[in-house]
Amino acid sequence: MRSFVLTFLLGCALALTLTGCGKLPQLMKVNGTTAVAVTGAYRGLDIYDAKKMADIQATVKTGKPAEAEAQLNAYLPKYRIARTSVDVAAIAVEESALFIQQAKLMQGKARQQKIITWIATLTMAGADVVAKCAAIGIKIPGGAL
Amino acid sequence: MNVLVDLGISIVKKVWDLVAPEDQAAIEAQMMTALGDMRATRKDTGEAHEARLAETLAMIAEAKKAQP
Numbered sequence: 069m070r071s072f073v074l075t076f077l078l079g080c081a082l083a084l085t086l087t088g089c090g091k092l093p094q095l096m097k098v099n100g101t102t103a104v105a106v107t108g109a110y111r112g113l114d115i116y117d118a119k120k121m122a123d124i125q126a127t128v129k130t131g132k133p134a135e136a137e138a139q140l141n142a143y144l145p146k147y148r149i150a151r152t153s154v155d156v157a158a159i160a161v162e163e164s165a166l167f168i169q170q171a172k173l174m175q176g177k178a179r180q181q182k183i184i185t186w187i188a189t190l191t192m193a194g195a196d197v198v199a200k201c202a203a204i205g206i207k208i209p210g211g212a213l
Numbered sequence: 080m081n082v083l084v085d086l087g088i089s090i091v092k093k094v095w096d097l098v099a100p101e102d103q104a105a106i107e108a109q110m111m112t113a114l115g116d117m118r119a120t121r122k123d124t125g126e127a128h129e130a131r132l133a134e135t136l137a138m139i140a141e142a143k144k145a146q147p
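Quick note, the sequences are listed as chains C and X, same order.
Position one of the first sequence corresponds to residue 69 (this note's numbering), numbered consecutively onward.
Position one of the second sequence corresponds to residue 80 (this note's numbering), numbered consecutively onward.
These are computed hints drawn from the structure, not numbers from a lab.
Note that the structure is predicted; figures quoted are calculated from it, not measured.
Among the hints, a few may not be true.
[Stated by the list, open to error] Subject to a maximum C-alpha distance of 25 Å in a straight line, what follows is the list of computed SDA-like cross-link-like pairs (lysine to any residue):
id: 1; chain 1: C; residue 1: Lys119; chain 2: X; residue 2: Lys143
id: 2; chain 1: C; residue 1: Lys97; chain 2: C; residue 2: Gln175
id: 3; chain 1: C; residue 1: Lys207; chain 2: C; residue 2: Asp196
id: 4; chain 1: C; residue 1: Lys119; chain 2: X; residue 2: Ser89
id: 5; chain 1: X; residue 1: Lys122; chain 2: X; residue 2: Glu141
id: 6; chain 1: C; residue 1: Lys177; chain 2: C; residue 2: Asp196
id: 7; chain 1: C; residue 1: Lys120; chain 2: X; residue 2: Ser89
id: 8; chain 1: C; residue 1: Lys146; chain 2: X; residue 2: Ser89
id: 9; chain 1: C; residue 1: Lys146; chain 2: C; residue 2: Ala118
id: 10; chain 1: C; residue 1: Lys177; chain 2: X; residue 2: Ala140
id: 11; chain 1: C; residue 1: Lys91; chain 2: C; residue 2: Leu144
id: 12; chain 1: C; residue 1: Lys177; chain 2: X; residue 2: Ser89
Take these sequences, add in the hints, and give me the full structure.
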């Protein structure tokens, strides 16, 4: 009887583990957290961009348009690299949100594997955003990944 | 016996994860709010940058024209 109960409980634990249902809320949390970080990155980049453009416009007002143009040409590629990185992370968040809706209808080990893969993808995308923003001196307001 | 108790607790926890839909619903609602905020911020900041860039380019062009 005891061995039957033990086998039954082991079977239940294994079945529940393999369904992966417990991991979807985790992916939802990571998705939400990454979305918050990406939003913070967009805002940080916006503040940085406003300041840079104001500085360049101030240079124009001192009667140095050529110098201002050179400053703009030096600045824009850096902005675009950071912005692209944040956009890539935003796209990853959108795609994982789409997958979350699909995952509700899925079962099994493949589902669990995809959830784990998405968690890793979002984590890497978020880390890339932090690194690219930090490279041009932007700290993401409100925090952390 | 301890193994059975640990297994029992583990199963109860996993069943709780399954049958507490309000927790998952709350997490999902928070996720959707964050998603909406991200989309709006992406759009607004993109437009703001384009507006600043256009203004700055116009200023540079004007200043260059004004120069002898």
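Do the hints match the structure? See the list:
1. C:Lys119 with X:Lys143: Given pair Lys119 (chain C), Lys143 (chain X) holds - Cα atoms ~22 Å apart, limit 25 Å.
2. C:Lys97 with C:Gln175: Answer holds: Lys97 (chain C) to Gln175 (chain C) is near 20 Å, not above 25 Å.
3. C:Lys207 with C:Asp196: Holds, because 13 Å separates the two Cα atoms, which is no more than 25 Å.
4. C:Lys119 with X:Ser89: Since the Cα atoms of Lys119 (chain C) and Ser89 (chain X) sit roughly 54 Å apart, the hinted pair is violated (cutoff 25 Å).
5. X:Lys122 with X:Glu141: It is violated: about 29 Å lies between the C-alpha atoms, which goes past 25 Å.
6. C:Lys177 with C:Asp196: Since the Cα atoms of Lys177 (chain C) and Asp196 (chain C) sit roughly 29 Å apart, the hinted pair is violated (cutoff 25 Å).
7. C:Lys120 with X:Ser89: Given that 25 Å is the threshold and the Cα spacing comes to 55 Å, the pair is violated.
8. C:Lys146 with X:Ser89: Answer violated: Lys146 (chain C) to Ser89 (chain X) is near 50 Å, above 25 Å.
9. C:Lys146 with C:Ala118: The hint holds at about 14 Å.
10. C:Lys177 with X:Ala140: 60 Å, violated
11. C:Lys91 with C:Leu144: 41 Å, violated
12. C:Lys177 with X:Ser89: Distance of about 19 Å is within 25 Å: holds.
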